[in-house]
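Asks: Build the full structure now, drawing on both the sequences and the hints.
Respectively, the protein sequence lines represent chains A and B. Counting in our numbering, the first sequence runs from 6 upward without gaps. Counting in our numbering, the second sequence runs from 4 upward without gaps.
Hints listed in this document are in silico derivations from the structure and should not be mistaken for laboratory results. Computed from a predicted structure; not experimentally measured. Warning: the hint list may mix true and false statements.
Which bits of chain A does chain B cover? Going by a derived footprint, with three or more residues having C-beta under 8 Å, they are [what the hints assert, rightly or not]:
1. 52-61
2. 95-101
3. 105-114
Listed next, the stretches of chain B that the computed footprint assigns to chain A, with coverage defined by at least 3 CB atoms under 8 Å from CB atoms of chain A [claimed, not checked]:
4. 107-115
5. 171-185
In this text, a Cβ means the ideal position worked out from N, Cα and C, and glycines have one as well.
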Amino acid sequence: MPVFGLLTICLTGLSQSDADYILKKVEKNMSSDNRVFESSMTIRGNRTSRTITSRTYSVGDTKSFTEYLSPAREQGTKMLKLENQLWIYSPSSDRTIQISGHMLRQSVMGSDLSYEDMMDDRKLTDVYTAKISGNEVIDGRKTYILDLTAKVTDVAYNSRKMWIDSERFVPLKEELFAKSGQLLKRTTLSDVIKIDGRWFPEKVVYKDMLKQGDGTEFKITSIKFNQKIPEYIFTKAALKQ
Amino acid sequence: MIRFLLKGLIRDQSRSRIPVIVVATGVTLTVLLHTYIKGIMGDTIEMNARFSNGHIKVMTKAYAENMDQAPNDLALLGAGKLLSDLENQFPEMEWAARIQFGGLVDAPDANGETKAQGPAMGIGLDLLSQRTQEPGRLNLVKSLVRGKMPEKHGEVLISEQFAVKLKVNPGEKITLIGSTMNGSMSIHNYLISGTVSFGSHILDRGSVMADIEDVRSALDMSDAAGEIIGFFGNGFYDDESALEVSEKFNSAYSGNPDEYTPVMKTLSQQGSMGQYVKMSDYMANYIALVFIIAMSLVLWNAGLLGGLRRYGEVGLRLAMGEEKGHVYRTLIYESVVIGIIGSVIGTILGLFFAWLLQKYGINISKMMEGSSIMMPSIIRARITPADYYLGFIPGLISTVIGTMLSGIGIYKRQTAKLFKELEA
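Replies: Structure (structure tokens):
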């Protein structure tokens with residue numbers, strides 16, 4: 006699309022369709038039919054730092070199953086997301102609890118991520134109206150700055166600001182705002198690698214701006230796209246196995 | 004002289020009956036109001052001290068800043084050593100580590116699926132060790148409604164009202180969904196050993212009491228405690244002594260900028276409760292004072308009316324040659340007798356009604372629904388030594404002063420005009 010040559014020259018001349026195009030390119034990189042990945046999540050609190058490893062299976066943006074592998078206290082804890090429902094299984098109590106209502110706002114394993122953040126996997130173009138507001142260089146990479154404003158009411162963040170790598174179409178930074186305009190979370194993405202023809206950030210640092218601590222570093226240690234995932238994984242029965 | 008005055012008062016009931024009734028009524032109300040104020044404020048402070056604030060509380064500085072939210076991520080680490088240090092440094096006080104926590108209690112059905120859920124306010128306290136005084140301090144045994152006290156790890160008490168709401172019984176399992184010290188979700192099973200009722204709406208609507216070691220295990224708080232609370236050995240809060248203890252403890256940590264440094268706060272320094280303690284001292288005295296002044300005005304007025312009503316009698320006595328000073332003194336002696344009789348009757352009646360209110364109380368649980376203040380659902384009066392003499396201030400002093408002021412008129416009467424006045 007020739008307009009991308011123009012983007013870097015004259016931002017004021019860009020339309021909303023260009024912003025939507027950028028978002029779609031981003032979604033093409035970031036989402037997939039299915040994926041299996043292992044990750045480590047390092048939570049840097051004020052007093053302690055903990056690393057939690059997990060394996061996740063996901064299909065589109067509707068099904069996801071995560072099993073925590075370490076440390077011992079979290080080992081065996083499993084989470085299942087089906088559409089807009091979320092269950093958590095605790096091996097120590099042998100109970101499966103559905104997370105709903107205000108519990109969705111709780112932190113996942115003490116990290117800077119909430120269950121609500123995990124749940125809202127809808128396509129950005131379905132939820133937000135995007136507008137290009139400028140450009141900036143981040144870590145030597147040229148980025149488009151996109152301002153996203155919610156066009157639906159059932160959304161955790163009323164507006165977002167995204168810095169999108171202008172060549173790879175991967176977000177490098179994101180700020181999430183409340184309706185009042187208060188900055189709630191800041192995300193920085195790095196270690197962008199090319200896997201199966203798509204650009205993908207291996208490291209994401211989440212910072213809950215209302216929480217003390219130095220944020221949560223989420224690092225993907227291995228990832229495979231378009232794998233065959235058995236259907237039974239996405240059942241409540243799999244939680245207890 | 005006194006016998007003569009008494010005879011006069013007994014035989015002429017118009018001189019004694021109404022004044023005594025007015026004095027006794029005023030004194031009864033004064034005593035009753037004072038015991039009521041002392042009762043409601045004292046009970047509220049005591050309940051908060053026992054369940055939440057202690058007479059003294061040790062927390063981290065960061066925890067103390069947000070203590071109303073019980074932020075366990077800012078809890079004391081190495082609580083065992085700190086507790087032992089406090090016991091050695093201040094042996095005159097009783098110390099106990101506690102963890103306050105919030106969460107959701109989930110009651111499972113036979114298939115392990117959620118049957119009912121409700122928000123809970125939990126306290127982790129020493130329920131199982133040999134030397135614990137916590138069950139007695141919180142009157143847990145007497146508060147038991149069903150079941151028994153926890154005897155082993157994993158057993159908890161929940162409030163009866165909460166148990167009914169969740170449709171659970173002693174012997175059944177519940178799951179506590181909370182947040183660990185690190186902010187992770189915690190899901191932990193407990194066995195209900197018994198249900199309790201504390202007579203406070205905020206405690207009864209959803210409280211869970213578990214042994215502190217169980218709470219430590221559930222909330223990943225090994226050797227940690229949200230707070231260490233101290234109580235005076237005699238069970239009564241003494242602000243002056245508490246301040247001395249806290250100053251001594253805090254001086255050892257002064258100048259340490261670490262937000263996790265322990266800090267000691269007395270009951271009167273603990274946020275809204277501190278204000279309540281200070282306010283209660285002033286309030287009880289101010290309310291009593293205002294009421295005493297109001298009653299004094301009433302009784303003073305009664306004294307004045309008495310003096311005016313006896314205008315003719317005084318004139319006649321002066322006309323018969325009785326000295327003005329003698330008439331004045333006898334009126335005062337009479338008012339003293341009336342004041343004493345009225346105050347004694349009023350104090351007895353006031354103490355009797357106060358005793359009824361102390362024993363049976365007034366149930367205000369309906370009014371307390373939805374309240375966030377930890378106060379008893381049954382308001383009771385509290386009789387203190389002051390109540391045995393407090394009523395004499397308006398009862399005796401005001402009556403006498405009223406009579407003294409109205410009696411001044413005696414000295415203004417002129418003998419030459421007396422017969423004219425009497426003829427009229």
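Asks: Per the coverage rule (Cβ-Cβ under 8 Å, at least three residues), is the segment 171-185 of chain B covered by chain A?
Replies: holds (count 5)
Asks: Three or more residues of the segment 95-101 of chain A near chain B by CB distance under 8 Å?
Replies: holds (count 6)
Asks: With a Cβ-Cβ cutoff of 8 Å, does the segment 105-114 of chain A contain at least three residues near chain B?
Replies: With 5 residues close enough to chain B, the hint holds.
Asks: Are at least 3 residues of the segment 52-61 of chain A within less than 8 Å of chain B when you compare beta carbons?
Replies: As far as the segment 52-61 of chain A goes, the hint holds, because 3 residues have Cβ atoms under 8 Å from chain B.
Asks: Are there three or more residues in the segment 107-115 of chain B whose C-beta lies within less than 8 Å of some C-beta in chain A?
Replies: Coverage by chain A holds here, the residue count being 4 at a Cβ distance below 8 Å.
Every hint, counting from the list given before, is met by this structure.
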